[in-house]
Amino acid sequence: MYNSVIFRNITFSYTGECVLDIDTLTIEEHRVTAITGPNGSGKTTLLKILSGLLLPDHGEIIFKGTILLNGKRRKILMENSTFVHQTPYIFSGSVKRNLTMGIKSEHTCKELLEIFDLEKYRNSRASGLSGGEKQKIALARAAGMERDILILDEPLAHIDSESKLIIENVLKEMAAKGKTLIIATHDHTFASRIADKIIHMDNGKIVRSVQ
Amino acid sequence: MNSVFVKALELIVTGDKEVLFIASTSLRFAVSSTVLATVLALPLGLLLSLSSFRGKKLIIVFLNSLMALPTVVIGLLVYSFISKNAPFGNLGLLFTPGAIIIGQIILAFPIIASLIYSALSNRDPSLPETLDTLGIRGIRKYVILILEAKTAVLSALLSGFGRIIGEVGVSMMLGGNIRWYTRTITTTIALETSKGNFELALALGIILIVISLTINVLLHMGIRDV
Numbered sequence: 075m076y077n078s079v080i081f082r083n084i085t086f087s088y089t090g091e092c093v094l095d096i097d098t099l100t101i102e103e104h105r106v107t108a109i110t111g112p113n114g115s116g117k118t119t120l121l122k123i124l125s126g127l128l129l130p131d132h133g134e135i136i137f138k139g140t141i142l143l144n145g146k147r148r149k150i151l152m153e154n155s156t157f158v159h160q161t162p163y164i165f166s167g168s169v170k171r172n173l174t175m176g177i178k179s180e181h182t183c184k185e186l187l188e189i190f191d192l193e194k195y196r197n198s199r200a201s202g203l204s205g206g207e208k209q210k211i212a213l214a215r216a217a218g219m220e221r222d223i224l225i226l227d228e229p230l231a232h233i234d235s236e237s238k239l240i241i242e243n244v245l246k247e248m249a250a251k252g253k254t255l256i257i258a259t260h261d262h263t264f265a266s267r268i269a270d271k272i273i274h275m276d277n278g279k280i281v282r283s284v285q
Numbered sequence: 002m003n004s005v006f007v008k009a010l011e012l013i014v015t016g017d018k019e020v021l022f023i024a025s026t027s028l029r030f031a032v033s034s035t036v037l038a039t040v041l042a043l044p045l046g047l048l049l050s051l052s053s054f055r056g057k058k059l060i061i062v063f064l065n066s067l068m069a070l071p072t073v074v075i076g077l078l079v080y081s082f083i084s085k086n087a088p089f090g091n092l093g094l095l096f097t098p099g100a101i102i103i104g105q106i107i108l109a110f111p112i113i114a115s116l117i118y119s120a121l122s123n124r125d126p127s128l129p130e131t132l133d134t135l136g137i138r139g140i141r142k143y144v145i146l147i148l149e150a151k152t153a154v155l156s157a158l159l160s161g162f163g164r165i166i167g168e169v170g171v172s173m174m175l176g177g178n179i180r181w182y183t184r185t186i187t188t189t190i191a192l193e194t195s196k197g198n199f200e201l202a203l204a205l206g207i208i209l210i211v212i213s214l215t216i217n218v219l220l221h222m223g224i225r226d227v
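Taken in sequence, the protein lines are chains C and Y. Under our numbering, read the first sequence as residues 75 to 285, first letter to last. Under our numbering, read the second sequence as residues 2 to 227, first letter to last.
Keep in mind the hints are simulated off the structure, nothing from the lab. Note that the structure is predicted; figures quoted are calculated from it, not measured. Just so you know, even glycine gets a beta-carbon here, dropped at the ideal spot from N, CA and C. Just so you know, not all the hints are guaranteed correct.
Derived contacts from chain Y toward chain C, CB cut-off under 7 Å, selection only [unchecked claim]:
1. Leu10
2. Ile13
3. Asp125
4. Ser127
5. Glu130
6. Thr131
7. Thr134
Put together the whole structure using the sequences plus the hints.
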């Protein structure tokens, strides 16, 4: 098993207050890692550092065996991962426009609309759809990017059970295809169903890691 | 009053040459100034909303203060630079359409820049992150940021246009209100009213209202269709 991302002594502060302090964390390639923990435990900050959206104050990030230097950290992590927010941003315009923001191939776009059961909304105004449909749009958009690492912040929050089932099945399929998935969730049963490894966080620290 | 109103309508309906010339001159100046002010204000609005740097607050306070600057003061300032013995006097800009457009750009720039900054700052904070994570960078990123805030951005342009089309001070001081050359709707209204020629003033007043309403309606229809 190849180690996709390793964190060493990573810290991050918001307005002087340390919100993330990780001694060591290993995200393995082609596996599903779930991150659980209460609100404010540092899950989202950790995901944003993993995706390159935030830069840590201190520490070392090793990606596929190479230490990422400060200047290239963001670029390399961003080029290899995609992040889906808990409340995803939905662009104005149709569902198709939202998908084609990240996906260039018309064929992939059509395929994703079918997989995520969005075909019937293809030309509908995306911002007018329900929370569950919006989450599916964001996931489809991210899935279509075909990056190695998919990072999801609470993908099942505020959505109906039917959409949950679709999303969970798609995530399982992606895991089976060898994608590296990193998922923050409050839902422990979902985490145990889908993840190969569960990391529990509290107060910005990793308090437990279960394989 | 009724006969004045009827005569004013007659001037519009019969397509009086001078009325049409004055209206088209006003529109030409206002559109040119709004476009040029937007070209200058858009990068500043984007810079202020997307980055943090020393002096940013100072620039915002300065822009907000300039929004309320009286038109005659802008006219006076530009006049002091382009009049005969001033630093740019040799360019021969005074009492030309160019001088009016320079003054109107200065008038609209802080309004458009400040409102674009507000529009882009009030965006969903996850938008730039989503663009980053989708690999959208450079010019395309900025275009999408503007398109996602298009209603507010167009409102900023309309505010700038509204301020320009209705101003008198800049056009009067820098254009000189020269007939068949720099005479605009507002300067004509001021002049003809002082002469007691209410028909022409009222006809131009009606045209000014129609122009403002039409541009507002067209832009809002455009926003809906984008």
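### Query
Which hint numbers does the structure go against, in order from smallest to largest?
When the structure is compared with the hints, numbers 1, 2 turn out to be violated.
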